[in-house]
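One line per chain: the protein sequences are X and U, in this order.
Counting in the numbering used here, the first sequence runs from 1 upward without gaps.
Counting in the numbering used here, the second sequence runs from 1 upward without gaps.
Each hint should be verified, as a subset may be incorrect.
Claimed, not checked - Pairs of lysine to aspartate or glutamate, EDC-like flavour, derived with a Cα cap of 20 Å:
(1) X:K50 / U:D310
(2) U:K306 / X:E106
(3) X:K17 / X:E106
(4) U:K377 / U:E388
(5) U:K185 / X:E51
(6) U:K35 / U:E388
Treat the hints as calculated values from the structure; they're not laboratory data.
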Amino acid sequence: MKLVIAIIQPHKLEAVKRELETVDVNLMTVTNVVGQGRQKGVTEVYRGAKEAGGLINKVRLDIAVNEAFVEPTIAAITKGAHTGSVGDGKIFVVELAECIRISSGERGGVAIG
Amino acid sequence: MNSGDTAWVLTASALVLLMTIPGLAFFYGGLVRRKNVLSILMQCFIIVCVISLQWMLFGYSLAFGPSFHGIIGNLDWIGLSGVGALPNPDYSKTIPHSVFMIFQAMFAIITPALIIGAYAERVKFSAFLLFTILWATLVYDPLAHWVWNPGGWLRGLGALDFAGGIVVHVSSGISALVLALLLGKRIGYNHKPIRPHNLPFTVLGAALLWFGWFGFNAGSALAADGLAGNAFITTHIATAAAGLTWALVEWWHNGTPTILGAATGAVAGLVAITPACGFVNPMNAVFIGMIVAMVCYTAVAIIKGKLGYDDSLDAFGVHGVGGAVGTIATGLFAEKAVNAAGANGLFFGNAHQLFIQFLSLLVAVAFAAFMTFIIYKIVDAVLGMRVEEKNELIGLDLTQQSEAAYTVIE
Numbered sequence: 001m002k003l004v005i006a007i008i009q010p011h012k013l014e015a016v017k018r019e020l021e022t023v024d025v026n027l028m029t030v031t032n033v034v035g036q037g038r039q040k041g042v043t044e045v046y047r048g049a050k051e052a053g054g055l056i057n058k059v060r061l062d063i064a065v066n067e068a069f070v071e072p073t074i075a076a077i078t079k080g081a082h083t084g085s086v087g088d089g090k091i092f093v094v095e096l097a098e099c100i101r102i103s104s105g106e107r108g109g110v111a112i113g
Numbered sequence: 001m002n003s004g005d006t007a008w009v010l011t012a013s014a015l016v017l018l019m020t021i022p023g024l025a026f027f028y029g030g031l032v033r034r035k036n037v038l039s040i041l042m043q044c045f046i047i048v049c050v051i052s053l054q055w056m057l058f059g060y061s062l063a064f065g066p067s068f069h070g071i072i073g074n075l076d077w078i079g080l081s082g083v084g085a086l087p088n089p090d091y092s093k094t095i096p097h098s099v100f101m102i103f104q105a106m107f108a109i110i111t112p113a114l115i116i117g118a119y120a121e122r123v124k125f126s127a128f129l130l131f132t133i134l135w136a137t138l139v140y141d142p143l144a145h146w147v148w149n150p151g152g153w154l155r156g157l158g159a160l161d162f163a164g165g166i167v168v169h170v171s172s173g174i175s176a177l178v179l180a181l182l183l184g185k186r187i188g189y190n191h192k193p194i195r196p197h198n199l200p201f202t203v204l205g206a207a208l209l210w211f212g213w214f215g216f217n218a219g220s221a222l223a224a225d226g227l228a229g230n231a232f233i234t235t236h237i238a239t240a241a242a243g244l245t246w247a248l249v250e251w252w253h254n255g256t257p258t259i260l261g262a263a264t265g266a267v268a269g270l271v272a273i274t275p276a277c278g279f280v281n282p283m284n285a286v287f288i289g290m291i292v293a294m295v296c297y298t299a300v301a302i303i304k305g306k307l308g309y310d311d312s313l314d315a316f317g318v319h320g321v322g323g324a325v326g327t328i329a330t331g332l333f334a335e336k337a338v339n340a341a342g343a344n345g346l347f348f349g350n351a352h353q354l355f356i357q358f359l360s361l362l363v364a365v366a367f368a369a370f371m372t373f374i375i376y377k378i379v380d381a382v383l384g385m386r387v388e389e390k391n392e393l394i395g396l397d398l399t400q401q402s403e404a405a406y407t408v409i410e
């Protein structure tokens, strides 16, 4: 089991969800986050005072998948979120020690999908 | 007595109340961080409560009561004794004295509320309360007396201030600067950006200020007549010119126009036209709006940064500087063709008026700055003006009021 964490541009969320559906990945947690990458943040101006380095709005997806779904998930996110310039975001893949479905008490791979 | 005049001044009174709550409260509230927004709303709201009582009990008598040597009103009218349905011809022959009193009450309320912009996000609530009562009594009431009481000594010199450029905006603006200097910067100012937490609030507040200002300025005619109409129109035109000019200056200087800039410019325009609105024509109101936007932009965006004081929400940069521009502009553009009871300014052949405007400006600045310094020292010694560092970091909403504006989790 793996946990796929993707940081993407907010306006790419719909495209990413559509791509994930085509590979049968439908379960995810989505949060609004702020951060900075190679873009080095945005510059904002308040009453003439320039404030560089403001954190940029991003969307984070947390998706738990079984091994067979790892590569299709990465491919779907990449396809949906890609524009080719800095700011497209990142995907992190980490080992997942356990997964428990609260309603039934099921554990492991069956609890994920 | 005239029912039309009375109806208009009562309506204008309600409009001026709208400027403080919710207008100014949201204009300022949106500019602070989310942890301090309730402190701003609370300060504005409590000022309405406290100053209304102060005004009724003794403030009105000090400001507008029978003059003691042009310096201060005597106590004949405390508790509104003798202030009733009959007109007081010194102020207006056509509206009840009580209506004039409540119209002026709204001015007394908004003036100390304007100062909030200077000490936002770091003042102790108890100290704010004591400061406000002392300031209203020792700065606003005397200054209103000098400029607006028929026996007042500045009025005797011929100073022109139609709706309160000196009394309201210069006095609060310069006091704001003194407080910002004495209090020091907010923790973290200059090191990391302090971003407004809700600019839509600020724009909403600015729009309500614009709307309410028609009562402030056109109401100051104390009649539903042509002079009120002129004040209404010049107020609107100067504000429009100032909002547009600020946005254009910003566009040229920074590359983009901003809504905060347009809203700030509009408020600067409202401030500057305040002393002039009943003495100048609409074309000159355009010039006043353009000038004040450029001057206030320079003060806020360039000079403040160089001098390094933390006037959190630019109470000085907009109200102090804008009020000064308006007071001087009145000495330039005033004309008797607009208001026979006024005077001609420099551009209409009367250089002396400009001198009087400068003199009143200097008097107001010196008096308000000195008194604010004294009041600050007293309040700071008794209560401590600034919150502890820990409380400032947590925020005033939780530490001064035990409440939070926004929940993160239900």
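These are the hints, each one checked on the structure:
no. : hint            : verdict
1   : X:K50 / U:D310  : 16 Å, holds
2   : U:K306 / X:E106 : 64 Å, violated
3   : X:K17 / X:E106  : 26 Å, violated
4   : U:K377 / U:E388 : 17 Å, holds
5   : U:K185 / X:E51  : 17 Å, holds
6   : U:K35 / U:E388  : 15 Å, holds
In this structure, the hints that do not hold are numbers 2, 3, in rising order.
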